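Student: Sequence:
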Amino acid sequence: MPREDQNLMTSFDRIAFSILITTFGEFSLYTQNIDRHQQENIFRQWQQKYSIHLRQKLDQAATSFISENQSMLTVDWLQKKIGILIQHYLQVFAQRAQTI
1 MPREDQNLMT SFDRIAFSIL ITTFGEFSLY TQNIDRHQQE NIFRQWQQKY
51 SIHLRQKLDQ AATSFISENQ SMLTVDWLQK KIGILIQHYL QVFAQRAQTI
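Residue 1 is where the sequence shown starts when you use our numbering, and the numbers rise one by one after that.
Derived by calculation from the structure, the hints in this document are not laboratory data. Any given hint might turn out to be false.
Using 25 Å as the maximum straight-line C-alpha spacing, the simulated DMTMM-like pairs for lysine to aspartate or glutamate come out as follows [unchecked claim]:
1. Lys49 with Glu26
2. Lys57 with Asp5
3. Lys80 with Asp5
4. Lys57 with Asp76
5. Lys80 with Glu26
6. Lys57 with Asp13
7. Lys57 with Glu26
8. Lys81 with Asp5
9. Lys81 with Asp59
Here are the in silico distance ranges between beta carbons for each label pair [as the list claims (entries may be wrong)]:
10. Tyr30 with Leu90: 17 to 27 Å
11. Ala94 with Asp13: 15 to 25 Å
12. Asn33 with Gln70: 42 to 52 Å
13. Asp5 with Gln32: 39 to 49 Å
No experiment lies behind these values; they were computed from the predicted model shown. C-beta atoms are modelled at their ideal positions from N, C-alpha and C, and glycine is treated no differently.
Whole structure, please, built from the sequences with the hints as guidance.
Tutor: Following this line, the structure appears as C-alpha coordinates:
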(Lines of atoms letter the chains of each structure in order from A; the text may use other names.)
(Lines give C-alpha, C1' and ligand atoms only; values in the text may rest on other atoms or scores of the structure.)
Protein backbone atom coordinates (compact mmCIF):
# COMPACT_ATOMS: atom_id res chain seq x y z
CA MET A 1 0.00 0.00 0.00
CA PRO A 2 2.74 2.60 0.70
CA ARG A 3 3.94 2.33 -2.90
CA GLU A 4 0.44 2.95 -4.19
CA ASP A 5 0.10 5.93 -1.84
CA GLN A 6 3.36 7.34 -3.16
CA ASN A 7 2.19 6.83 -6.75
CA LEU A 8 -0.97 8.79 -5.96
CA MET A 9 1.04 11.63 -4.46
CA THR A 10 3.36 11.67 -7.46
CA SER A 11 0.35 11.85 -9.77
CA PHE A 12 -1.17 14.75 -7.89
CA ASP A 13 2.20 16.47 -7.65
CA ARG A 14 2.43 16.46 -11.45
CA ILE A 15 -1.06 17.92 -11.73
CA ALA A 16 -0.33 20.61 -9.12
CA PHE A 17 3.01 21.52 -10.69
CA SER A 18 1.35 21.92 -14.08
CA ILE A 19 -1.26 24.23 -12.54
CA LEU A 20 1.49 26.23 -10.83
CA ILE A 21 3.47 26.67 -14.06
CA THR A 22 0.39 27.72 -16.04
CA THR A 23 -0.83 30.15 -13.38
CA PHE A 24 2.60 31.65 -12.83
CA GLY A 25 3.00 32.08 -16.59
CA GLU A 26 -0.28 34.02 -16.74
CA PHE A 27 0.77 36.11 -13.73
CA SER A 28 4.16 36.89 -15.30
CA LEU A 29 2.51 37.94 -18.54
CA TYR A 30 0.15 40.37 -16.80
CA THR A 31 2.81 41.87 -14.55
CA GLN A 32 5.76 42.09 -16.93
CA ASN A 33 5.19 45.78 -17.71
CA ILE A 34 4.62 46.88 -14.13
CA ASP A 35 7.37 49.09 -12.75
CA ARG A 36 7.63 47.75 -9.22
CA HIS A 37 9.43 50.84 -7.95
CA GLN A 38 6.47 53.04 -8.88
CA GLN A 39 3.58 50.57 -8.86
CA GLU A 40 4.37 48.05 -6.14
CA ASN A 41 0.83 48.11 -4.81
CA ILE A 42 -0.58 47.22 -8.26
CA PHE A 43 1.92 44.36 -8.50
CA ARG A 44 0.85 43.09 -5.07
CA GLN A 45 -2.81 43.25 -6.09
CA TRP A 46 -2.05 41.07 -9.13
CA GLN A 47 -0.01 38.74 -6.94
CA GLN A 48 -2.90 38.42 -4.49
CA LYS A 49 -5.38 37.81 -7.32
CA TYR A 50 -3.26 35.08 -8.87
CA SER A 51 -2.48 33.51 -5.51
CA ILE A 52 -6.22 33.17 -4.88
CA HIS A 53 -6.70 31.89 -8.43
CA LEU A 54 -3.95 29.31 -7.92
CA ARG A 55 -5.48 28.19 -4.62
CA GLN A 56 -8.88 27.73 -6.27
CA LYS A 57 -7.43 25.72 -9.16
CA LEU A 58 -5.40 23.52 -6.80
CA ASP A 59 -8.42 22.96 -4.54
CA GLN A 60 -10.57 22.00 -7.53
CA ALA A 61 -7.91 19.61 -8.79
CA ALA A 62 -7.55 18.11 -5.30
CA THR A 63 -11.30 17.60 -4.93
CA SER A 64 -11.49 15.92 -8.30
CA PHE A 65 -8.41 13.79 -7.64
CA ILE A 66 -9.64 12.64 -4.23
CA SER A 67 -13.11 11.80 -5.55
CA GLU A 68 -11.50 9.71 -8.31
CA ASN A 69 -9.55 7.82 -5.65
CA GLN A 70 -12.30 7.39 -3.02
CA SER A 71 -11.82 3.64 -3.03
CA MET A 72 -8.40 4.04 -1.43
CA LEU A 73 -8.19 2.94 2.18
CA THR A 74 -6.04 5.94 2.99
CA VAL A 75 -8.23 8.79 1.74
CA ASP A 76 -7.69 10.77 4.96
CA TRP A 77 -3.93 10.42 4.55
CA LEU A 78 -4.23 11.47 0.90
CA GLN A 79 -6.28 14.56 1.79
CA LYS A 80 -3.73 15.60 4.41
CA LYS A 81 -0.76 15.12 2.07
CA ILE A 82 -2.49 16.96 -0.77
CA GLY A 83 -3.24 19.86 1.60
CA ILE A 84 0.45 20.06 2.49
CA LEU A 85 1.38 19.95 -1.18
CA ILE A 86 -1.07 22.77 -1.99
CA GLN A 87 0.50 24.93 0.73
CA HIS A 88 3.93 24.17 -0.70
CA TYR A 89 2.92 25.30 -4.19
CA LEU A 90 1.33 28.48 -2.84
CA GLN A 91 4.65 29.26 -1.13
CA VAL A 92 6.56 28.51 -4.34
CA PHE A 93 4.27 30.90 -6.22
CA ALA A 94 4.83 33.66 -3.64
CA GLN A 95 8.60 33.16 -3.74
CA ARG A 96 8.73 33.19 -7.52
CA ALA A 97 6.53 36.29 -7.66
CA GLN A 98 9.05 38.16 -5.53
CA THR A 99 11.80 37.45 -8.06
CA ILE A 100 10.01 39.23 -10.90
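Student: Run the structure past the numbered hints and jot down the numbers of the failing ones, going up.
Tutor: 5
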